[in-house]
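Produce the entire structure from the sequences given, and follow the hints as far as they go.
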Amino acid sequence: MKVDLLVHAPHMYTMAGEGLGYCAGQSIAVDKGKILAIGPAEEIRGAYTAEKVVEAPHHVLLPGFIDCHMHTRHAVYRGIAQDMNNWMWAGMAPFESQSTSQTKAAGSRLGMAEAILNGTTTIGDDGPDMEGAIQNAIAFGVRGNISPRIREVDFAPYGPGELYRFYSELGQASLEDCVRLFDTYHNYDNGRIRILFGPQGADFVSSELMKKVCRMAKERGTRVHMHFSQGTREDEQIQKRYGCRPVAYLDSLGVIDENLIAVHLTSATDEEVALTAQRGATMVLCTSSIGVINGEVPPAKVFMDHGGIVGLGSDQSPGNNNHNMFNEMKLTAVCNKCKYGTPLIFPAWKVLRMATIEGARAIGLGDITGSLETGKAADMILVDLRQPSLSPVITSPMRNIAANLVYAGRGHEVDTVIAAGKILVEHRRPVTFDLDAILDEVQQEADIVSKKAEERFWATDSAIAQYMKHDQL
1 MKVDLLVHAP
11 HMYTMAGEGL
21 GYCAGQSIAV
31 DKGKILAIGP
41 AEEIRGAYTA
51 EKVVEAPHHV
61 LLPGFIDCHM
71 HTRHAVYRGI
81 AQDMNNWMWA
91 GMAPFESQST
101 SQTKAAGSRL
111 GMAEAILNGT
121 TTIGDDGPDM
131 EGAIQNAIAF
141 GVRGNISPRI
151 REVDFAPYGP
161 GELYRFYSEL
171 GQASLEDCVR
181 LFDTYHNYDN
191 GRIRILFGPQ
201 GADFVSSELM
211 KKVCRMAKER
221 GTRVHMHFSQ
231 GTREDEQIQK
241 RYGCRPVAYL
251 DSLGVIDENL
261 IAVHLTSATD
271 EEVALTAQRG
281 ATMVLCTSSI
291 GVINGEVPPA
301 KVFMDHGGIV
311 GLGSDQSPGN
321 NNHNMFNEMK
331 LTAVCNKCKY
341 GTPLIFPAWK
351 VLRMATIEGA
361 RAIGLGDITG
371 SLETGKAADM
381 ILVDLRQPSL
391 SPVITSPMRN
401 IAANLVYAGR
411 GHEVDTVIAA
421 GKILVEHRRP
431 VTFDLDAILD
441 EVQQEADIVS
451 KKAEERFWAT
461 DSAIAQYMKH
471 DQL
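Residue 155 in our numbering sits at position 155 of the sequence shown; the count goes up by one each step and never skips.
Since the hints were made in silico from the structure, they are not lab data. Possibly wrong hints are sitting among the right ones.
[To be verified] The following label-pair restraints were derived from C-beta to C-beta distances:
{"id": "1", "residue 1": "428", "residue 2": "1", "range": "23 to 33 Å"}
{"id": "2", "residue 1": "162", "residue 2": "296", "range": "17 to 27 Å"}
{"id": "3", "residue 1": "278", "residue 2": "347", "range": "17 to 27 Å"}
{"id": "4", "residue 1": "398", "residue 2": "340", "range": "16 to 26 Å"}
Don't be surprised by glycine CBs; every beta carbon is placed ideally from N, CA and C.
Take a look at the structure:
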């Protein structure tokens, strides 16, 4: 039988069952974007011929990574908001307020290219002005889970503790844009592109708009993707405005349910985390970003202890400097071991599942991607184990492959990336995008935005500004 693609590798992690589903000497046949068959290499070779055959003699084949929460457009501002307080308004805002649609699209191209090269096949992108990001995901061939931003707060310079001002016209315009993008792109290319509703957070939209957004998402059969109990800034805003904490406030609106993808939960108490999990919401954990921005480890273990599903996200490169799920897996394992004082917390196998099948489940794609199973999307990566960071390979009496992927993998070991049955990266070379052109374009945009941001940057007198004044950057 003739198929589109055959992939042969000595090691495979399928994520079947409750573990990693390790297989040796198995191959995969792919046709029309889906996995047609998985079986012993000789059987697959005998039963199928293919337009394209991928021979990977010293690699491990596993599902492509699911990056549940990203702001790819922010790649144009990489490294501008670390090591400081008030990172959003003093760090990000001077630059973001000067961005154009072209700036955001260029940043998105860089963020997506970086993520794909590091093995991500599902991009969970979030932000305003997302048409460019959607077009990038379509062109690059990656799976897109896109959340157009809904927000009623302007980009004026807000100081710590200052109550945000709501502008209903901003909220209505952003909601209309979200609906337009949903009507245009949702389920594009057999569901490869999916549009979610993305209220920025409880502190950025009014009660009326929040309820309306959640209702409209359910009516359209899509999910709500939202920053949730993100930190003290959100806590203060909600307390001042409504006299309670964010989780209690959102629960009173009836928006915490199985349709909600709750991102961060940084400042939620254990009781609030338990309530959120019990209501059926899922959680996205962005360990590296929250660690850099807030110096905290979000309560993913508590969420999971109460039956909740948790996926991983790289968030934004001004916060953690990269879109690399190897980085997220390692820091998630290490930071939680330190937080709880035991090496048994978040073992390598568990965080590898969080980066694949659990992440897919967290964003509502568990029946489509996240594992290697017959009938599911052919979203997979080949990682070269014949690299100094991943060698040697030991398979008996224990296997060291998963531990090395999590604790030693850095991303450059990813050899081949396949999404919806299409090769996006082959032998570390991009197939669907021009990396040099992307790098040139984003540098030009960064130069323009940085020049425009100068006056507001210095006016913040932030820690970063002080570092610059004292030649510490």
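Going through the hints against the structure:
| no. | hint | in the structure |
| --- | --- | --- |
| 1 | 428 - 1: 23 to 33 Å | holds (31 Å) |
| 2 | 162 - 296: 17 to 27 Å | holds (23 Å) |
| 3 | 278 - 347: 17 to 27 Å | holds (25 Å) |
| 4 | 398 - 340: 16 to 26 Å | holds (24 Å) |
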